[in-house]
Amino acid sequence: MVAASSTKSISVTLRVWRQSGPKELGQFKDYSAKDLNPNMSFLEMLDVVNDELTARGEEPIAFAHDCREGICGTCSLTINGKPHGPGKGIATCQTYMRSFHDGDIIVVEPFRAAAFPLIKDLVVDRTSFDKIMQAGGFITARAGSAPEANGLPVPKGDADRAMDAAQCIGCGACVAACKNASAMLFVSAKVGHLGLLPQGQAERDRRVLAMVNTMDEEGFGNCTNQYECSAACPKTISHDFIARLNRDYLSASLRSAFRPEAASTGGGGA
Amino acid sequence: MNLVGSFFRSSIGRKILMAVTGVILIGFVIGHLVGNLQIFSHPDHINGYAQFLHQLGPLLWVARIGLIVAVVVHIWAATVLTLENKAARGSNYGFKHTIQATLASRAMRWTGYIVLAFLIYHLAHFTLGAAQSATFKDNLKSYVLTADYRVAGFPVVNAGTKVADVYSMVILGFQSPIVAVFYIIAVGLLSLHLLHGIDSLFQTLGLRSNKWSGCLRKVAIVFCLAYFVGNLAIPGAVLAGKLSPQSAKISAPAQR
Ligand code: HEM
Ligand code: SF4
Ligand code: FES
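Chains as they are written, first to last, in this note's numbering: chain A, 1 to 270; chain B, 1001 to 1256.
None of these hints come from the bench; they were simulated from the model.
Any given hint might turn out to be false.
To be verified - Straight-line distance between alpha carbons at most 20 Å, and here's what the computed DMTMM-like set of lysine to aspartate or glutamate pairs gives: (1) B/1096 with A/30; (2) A/131 with A/51; (3) B/1086 with A/158; (4) B/1211 with A/148; (5) B/1211 with A/158; (6) B/1211 with A/160; (7) A/88 with A/203; (8) B/1086 with A/47; (9) B/1096 with A/104; (10) A/29 with A/47; (11) A/179 with B/1084; (12) B/1086 with A/218.
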């Protein structure tokens, strides 16, 4: 939901978190950004401010970005306390200066979570998400050419919900917005996406147990069902997937506790 | 991880323990309120009911131990999860903002720990007699039932039995405005705790979805209001002078 187009130029004060390295002390510093085209994106505005800083011989503000069209999940930033800024269902790169008013003070901070250690200024390390994905966010199937489309029937409702979950771009805004820095929305989207499709069934139990286990090990917090995550998510992933994850985890734990092991893998006997 | 590990060490497992113990405690507080509302009928009812519970003997202890375990697990999980959540944030935001989390959900720790403090006072007051001991049931004149106390139609305590006068103990206890107001505040906070708790437990157990979350919320609101009003009624009626203890009734015996 992008704010309507505007032509009046605006000036704002940026209150930016500056921290030169992971071990250094950080602090807020004010920068004035004057006569901005309201239709420039938030990241373009930071580019302009950085040009001025560079020209003055100061260290530019470090921030993460890549596609700048809301599909890669690289941009971050917490803008006035909300990850990805004031809009609903958009990433920071899709936030435009017309969402702000002339004279506003805009507080810009990194995503704050112990599992996302800070690298510099506004850039954090989201490797912990990669580790969760490596634990089970995949299917071990031959990835050859596309099979015959009608060979594997998928009910429309399941396909639609799987696609809703598959929209997750792994940005980490859910963690940043959560009161407990929990990664449940991200994990639930990945588990839900594969678990709703036939291709994901074979490894369904192993996947949910491994991904939740890694999520816990990486030091994310615990969900308190307050739904700040889905409200901040640039892809509006629903917290209904969290309920589904809880259910999946419970049944997978029960099944895996009682399922016998094959003799060839060390089971059998007695 | 084995099953015990999944429940007691994983994030979701401990949440499930909280939800299940929460359901047990909700079941208890509903039953407890319904039992207590008998104070609005003849003293035979609540006094007979209290006698009936005590006659259960070992069964009463099974229920008590079950409830103690539920409370301990619930609070243990709440505390451990909260400490982990604080650590998981790392450094705090300079600009604090809430998008849609409800007040009830953000107050869970406060409401929870104050309810715990209340629970301890409540047990000291009406179960152990350590608080307000002058009006504790063991120190009051015993009561003689004027009619059989029946459960599901069966007489469980016979007319003429001498029993503890719980009716008078409760009313005398609430004649202290400080105690009555403390009870009212505590049950108000418990109602707020349950407003988020009911919503939350369905999500934790994986039973909530957008198909009926609006309906669930309404049911939770109605339940919590009803629960609060029911609990408010007892100390409220005593403060308003609508209920008076047995001793005041000796001169004018109650008619059935
Ligand atoms: C009669 C007493 C109580 C009842 C009936 C009750 C009920 C509940 C229920 C049903 C839940 C939701 C479970 C879930 O899905 O997470 C809950 C959560 C919770 N309770 Fe209690 N509770 C009681 C006492 C307490 C006490 C004494 C504490 C003190 C520590 C406490 C702290 C919490 C916390 C921190 C949560 C988690 C909230 C969240 O996930 O957002 N509760 N309670
Ligand atoms: S669930 Fe949403 S907020 Fe979380 S990582 Fe995925 S896209 Fe980002
Ligand atoms: S830069 Fe790719 S999503 Fe924003």
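Problem - Hinted pair residue 1211 of chain B and residue 158 of chain A, Cα distance within 20 Å - result: With Cα atoms ~15 Å apart, residue 1211 of chain B and residue 158 of chain A stay inside 20 Å; holds.
Handout entry: 20 Å Cα cutoff - pair residue 29 of chain A, residue 47 of chain A
Key = 17 Å, holds
Exercise for the section: Below or equal to 20 Å on CA atoms is what counts here, so check residue 179 of chain A against residue 1084 of chain B. Expected result: The given pair, whose Cα atoms are some 12 Å apart, holds under the 20 Å limit.
Practice task
Below or equal to 20 Å on CA atoms is what counts here, so check residue 1096 of chain B against residue 30 of chain A.
Solution key: 18 Å, holds
Practice task
Compare the distance between the alpha carbons of residue 88 of chain A and residue 203 of chain A with 20 Å, and conclude whether the hinted pair is satisfied.
Solution key: 34 Å, violated
Exercise for the section: Given the hint that residue 1086 of chain B pairs with residue 158 of chain A, test it: the Cα-Cα distance must not exceed 20 Å. Expected result: 37 Å, violated
Exercise for the section: Below or equal to 20 Å on CA atoms is what counts here, so check residue 1086 of chain B against residue 47 of chain A. Expected result: 34 Å, violated
Practice task
Take the C-alpha atoms of residue 131 of chain A and residue 51 of chain A, compute the straight-line distance between them, and say whether it is at most 20 Å.
Solution key: With a Cα-Cα distance of about 36 Å, the restraint between residue 131 of chain A and residue 51 of chain A is violated, given a limit of 20 Å.
Exercise for the section: Sort out whether residue 160 of chain A lies within 20 Å of residue 1211 of chain B, counting only the CA atoms. Expected result: Given that 20 Å is the threshold and the Cα spacing comes to 16 Å, the pair holds.
Practice task
Please work out if residue 1211 of chain B and residue 148 of chain A have their alpha carbons no farther apart than 20 Å.
Solution key: With Cα atoms ~34 Å apart, residue 1211 of chain B and residue 148 of chain A exceed 20 Å; violated.
Practice task
Below or equal to 20 Å on CA atoms is what counts here, so check residue 1096 of chain B against residue 104 of chain A.
Solution key: 17 Å, holds
Exercise for the section: Take a quick look at whether residue 1086 of chain B and residue 218 of chain A sit within 20 Å of each other, Cα to Cα. Expected result: Roughly 15 Å between the alpha carbons, so the hint for residue 1086 of chain B and residue 218 of chain A holds.
Going down the numbered hints, you'll see the structure goes against 2, 3, 4, 7 and 8, while the others check out.
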